[in-house]
Amino acid sequence: MKRPPFRPVIREITFQRTWSVWLATGFGSGFSPLFPGSVGGLWGIPLAWLLFELTPERYVGWVIQIVTILILAWLGVPLCTKAQKDLGGEKDPGMIVYDEIVSVPITFLFLSPDLLLMPAVWVVGYLLNRVFDIVKPYPAHQLEKLPYGKGIMADDLFAGIYSCITLHLLIAVGFFHLFSF
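If you read the sequence shown in numbering that gives the first Met the number 0, its first letter stands for residue 0, the second for the next number, and so on.
Quick caveat, the hints were computed from the structure, so don't treat them as lab data. If a hint is listed, it holds; no wrong ones were tucked in.
Below, simulated DSSO-like cross-link-like pairs (lysine-lysine); rule was C-alpha separation at most 30 Å, straight line:
| id | residue 1 | residue 2 |
| --- | --- | --- |
| 1 | 84 | 149 |
| 2 | 90 | 135 |
| 3 | 81 | 135 |
| 4 | 90 | 144 |
| 5 | 149 | 135 |
| 6 | 144 | 81 |
| 7 | 135 | 84 |
| 8 | 149 | 90 |
| 9 | 144 | 84 |
| 10 | 149 | 81 |
Generate coordinates for the entire structure from the input sequences, incorporating the hints supplied.
Below is the structure:
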């Protein structure tokens, strides 16, 4: 399906409309003319890094990280709904990237600190997240059909889960030993 030309419709500029659009578009990065989801999703990397840096290692840290991601996802539903309406009502508009941003930290859950020091882990994890977001394997494609913010958020959360599982499988088979010097 061909993407329509970029024309966000913001009915009137008010603080309430601009803050929701500003946050949902990743501080405007979702307005990138090329690959807005990938460009905006890059904000998920510093978010993931912050989550891991500010929480203790292992079990307690993982619980805090998961709860934080769930809260961000829960807040994302009304935020993305509002931004979608403020941008003209198009279903899952490409410039809304909050969902991509929140899904990226899911990719890196349950990793040890030594793995998080490897740039290759971050690059491969981010690329896996983008691939699963674009391909939308079951049930992500079906969840995307949910109304408004629920559909915007749900498919990307599954992209994060699938990329997390795949990243852990790559680690288990020794893929990242190719990158250690």
